[in-house]
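Trainee: Top to bottom, those sequences are chains A and B.
End of the first sequence sits at 487 in our numbering; the numbers just go up one at a time, nothing left out.
End of the second sequence sits at 1003 in our numbering; the numbers just go up one at a time, nothing left out.
Treat the hints with care, as some may be off.
Said to hold, decoys possible - Heads up, simulated DSS-like pairs for lysine-lysine below, C-alpha to C-alpha not over 25 angstroms straight-line: (1) B:Lys912 <-> A:Lys405; (2) B:Lys834 <-> A:Lys386; (3) B:Lys643 <-> A:Lys352; (4) B:Lys643 <-> A:Lys386; (5) B:Lys564 <-> A:Lys386; (6) B:Lys608 <-> B:Lys578; (7) B:Lys564 <-> B:Lys721; (8) B:Lys614 <-> B:Lys593; (9) A:Lys431 <-> A:Lys386; (10) B:Lys912 <-> A:Lys460.
Note that these hints are calculated values from the structure, not bench results.
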Amino acid sequence: MSEDKDQNNILEEVTSKEYKYGFYTNIEMDTAAVGLTEETIRFISAKKNEPDWLLEFRLKAFHHWLTIEEPTWAHLHHPPIKYQDIIYYAAPKKKKQLESLDEVDPELLDTFKKLGISLEEQKVLSGVAVDAVIDSVSVKTTFRETLSKHGIIFCSFSEAVQEYPELVKKYMGSVVPYRDNFFAALNSAVFSDGSFCYIPKGVRSPMELSTYFRINAANTGQFERTLLVADEGAYVSYLEGCTAPQRDENQLHAAIVEIIAETGAEVKYSTVQNWYPGDKNGKGGIYNFVTKRGICKGDHSKISWTQVETGSAITWKYPSCILKGDHSIGEFYSVAVTNHYQQADTGTKMIHLGKNTKSTIISKGISAGFSNNSYRGMVRIAKKASNSRNFSQCDSLLLGSKCGAHTFPYINTGNETSVVEHEATTSKISEDQLFYCQQRGIDSEKAIGLIVNGYAKEVLNKLPMEFAVEAQKLLAITLEGSVG
Amino acid sequence: MQRGKFDMNPSEKKYSILESALRNSFESSLSRSSNELTKVTEARLLAYEAFRKTGLPGRLNEKWRNSKFDQVSEQSYEVVSSKPTYTQKVSEIFQCSIHGFTTQVEALLNGWYYTSEKQTLRTMENGVVIGSIQTAQKEVPELFERHFGKIAKYNLHGYSHINTAFFNDGLFIYVPDQVHVEESIQLIKMVNDTQKLMINSRNLVILGKNSHLSLMHCDDSVNHQSSMINTVTEIFIGENASLDLYKLQNINNHTFLINSTSVVQQRNSRLKVNVITLNGGAIRNELNVDLQGEGAEADLNGIYLMDKKQQVDNQVFVNHAVPNCNSSELFKGVLDDESSAIFNGFVLVGRDAQKTNAFQRNNNILMTSTAKVDTMPFLEIYADDVKCSHGATIGQLDHDAMFYLMQRGICKRDARLLLMYAFAAEVAEKIDIQPLRVSIEDMVKKRLRGELSICEKCVLHCSTPDIPMEFEIDMSKI
Chain A
4 MSEDKDQNNI LEEVTSKEYK YGFYTNIEMD TAAVGLTEET IRFISAKKNE
54 PDWLLEFRLK AFHHWLTIEE PTWAHLHHPP IKYQDIIYYA APKKKKQLES
104 LDEVDPELLD TFKKLGISLE EQKVLSGVAV DAVIDSVSVK TTFRETLSKH
154 GIIFCSFSEA VQEYPELVKK YMGSVVPYRD NFFAALNSAV FSDGSFCYIP
204 KGVRSPMELS TYFRINAANT GQFERTLLVA DEGAYVSYLE GCTAPQRDEN
254 QLHAAIVEII AETGAEVKYS TVQNWYPGDK NGKGGIYNFV TKRGICKGDH
304 SKISWTQVET GSAITWKYPS CILKGDHSIG EFYSVAVTNH YQQADTGTKM
354 IHLGKNTKST IISKGISAGF SNNSYRGMVR IAKKASNSRN FSQCDSLLLG
404 SKCGAHTFPY INTGNETSVV EHEATTSKIS EDQLFYCQQR GIDSEKAIGL
454 IVNGYAKEVL NKLPMEFAVE AQKLLAITLE GSVG
Chain B
526 MQRGKFDMNP SEKKYSILES ALRNSFESSL SRSSNELTKV TEARLLAYEA
576 FRKTGLPGRL NEKWRNSKFD QVSEQSYEVV SSKPTYTQKV SEIFQCSIHG
626 FTTQVEALLN GWYYTSEKQT LRTMENGVVI GSIQTAQKEV PELFERHFGK
676 IAKYNLHGYS HINTAFFNDG LFIYVPDQVH VEESIQLIKM VNDTQKLMIN
726 SRNLVILGKN SHLSLMHCDD SVNHQSSMIN TVTEIFIGEN ASLDLYKLQN
776 INNHTFLINS TSVVQQRNSR LKVNVITLNG GAIRNELNVD LQGEGAEADL
826 NGIYLMDKKQ QVDNQVFVNH AVPNCNSSEL FKGVLDDESS AIFNGFVLVG
876 RDAQKTNAFQ RNNNILMTST AKVDTMPFLE IYADDVKCSH GATIGQLDHD
926 AMFYLMQRGI CKRDARLLLM YAFAAEVAEK IDIQPLRVSI EDMVKKRLRG
976 ELSICEKCVL HCSTPDIPME FEIDMSKI
């Protein structure tokens, strides 16, 4: 009994831990009127001084969005989202074009400092170039010059539209078309900014590229778009992090990430998602509906997704790979942690089209509190994808008796020379493991931390160094010693 | 918000041929069953209403996405068939002899209980009641009412509603408490008509406390007419009772078959299912097992060996509602030619179902580049002290094993057969009744050699003692 009590205490302690990124910064904002009409879209487009073809793209997406309904197939329950109550555009007021860091609003700099992301160049010598996106507008991209020496384009999406329209036009919507799904259509209509990255032929990016997303303003939705193109033989490792202030109402985040890997290119995309998850009674939090997809266009290309999902009230996210080129490789490594009343329905799609394509899926779900955590993944082997190989492993760990862990794999195979394997287990931390640790003098809290970390290690190891540390800390905060 | 094409005026809606046929014949079907219990009539009306709302499931429905059953809706079937008169003995229409295995044969012809006797519901010496479900609702109404329509309540769809609304007859079995039925009961479903029929039959099996029954459920087609067979079977297994259920499916290539079996299991009861699918146009096996009593155990197994353009769809749902139950699913299949297989396992572990063990496995071998497999092993778990796992594989025969056999002088064809047989045998070995197991193993061997497709009659008479079934491989030489 006393052990139970102990565990309850630990649980209590863990669950009462505050979301440390929940502050709000007072920054002068430029916002659109509430609601979504054609006018809103024209307003956003005009604000950003966009060319006609982009406005047309937005309007087409908007009209398509009107004809479709919000998907309900996911294992998620939430009150209907009132799309007309959202502000679709919010941006920190820009006085003029920023040239140097000194001109960035000090409040903004402060915000990012609090988040532990330094935009000051001398401090960024650790070697990560950051594109900071606040309320869907990119405020500052660091290291642009160093990167441009290598021919790498790394800038905000809006800048890319102005400066490299032909590249944007060529690749935007080629992986996630606006007709793809409800949230992709919404994003295509109203997206405000995001990051754009192009690695030219044969270039290995000398540093990690990173986007940091922050929702700040109230009642707004964040709709950003990331487009990442790795030309033949290029390599890039890309990081993405996100946080939001603590608010009682739910905020919508509907983003699109598109990755294109040409022949022999390799893209590594890592996310540490830490949007505000709502309080312990399930109030507030971000609704995170994201469409992420990469295409291995050329032969021998590779896309690797790594994600650590700890935040958001609702996560609806399936980073996918279309393996079109022969011998291309897709990877998906995920740790999804849910606590309190969080709900996550996340997974991946691996679409094998080319010959000798390989994919690996490692998904680790951890649920605690009253949360629900689902893995939903699809592996499809097309008829012509001979000698393709997939291996999927989806494990779920339940901490507490009020939470749920679910696995929904879909496997479609139409080729006789391919091999697909899927395995999944659901369990709690075994008493044997705990006992073993404890009899070696490790207390139960630390033991659980150890076991959970070991459980997630396979995925955490795939993260770039800087993020791995952050992710491990995050895991510790959310879970340390939850239950046995 | 505008809602474009979804705002279809219901009056403008076009119905498929089957849907219209059903809509037009419900009144006459209902009037024919005017002497039924009011409960049944009520159930029929409710089900018909539900069907009118949902319609037939199409490809937009996730559970039917890759199903071939969307072809059914555009075929014209005779929806309501009249009771066939007794003309021939069952054994004349249907030959079945498994060496050393005797069963008590019950038959349904075109969905109607088929017997030479006047009495359509009999009480045996040991108290077992068996016969037509129509007679049962009149003669044992309280028993009937207690279970009818209360077991088949999960995963209902258009066809299950149609079954309740239109069913004409079926088999009723009641095994009283403490009765161990020695002889297996074999239910043979036959179709023989010049018309294309849609057959809705309904079975109800009730097992009392501490009882045992083994039931074979054979689906067979006699003629070459394509038909649509839509069966719902409700099974209630009382405390400590056990049921062995064997389903053998060997129907012609144009027939569509939906076999929906729902089971409720009470405390410490045991269920063992073996679904053996050898041939059929499109077969959908639904198995819904509701574990309502602690200590219940369900062991669900299946083999499917498909070729040509056949399709098999196994939908298995296990509801763990209470603690300490075990369930295991093992489905294996070999897909040849342009055949396709769907497996959707769904284990739901409720909040209170601690100490649950649930296991799910689906293995497939694809023989050609045109065969297809869709597998969806789902787990939905709300309790923490559980052990649940699932695995699914799709692949080919092990190259190393093939090489090993071939370097021992076994030709490629035989090596393939041997390995395929070994693959399928894992499921066949789980059959407890020895003569039946031998016979099914023979059938599997035969089927793997491609001989069954040549054989146009029932499979069950193939294995006669004078034609021994063995591999051509001389095992002594290996």
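Trainee: So, against the hints stated earlier in the document, which numbers end up violated here?
Mentor: Hints 3, 4, 5, 6, 7, 8 and 9 not satisfied by this model.
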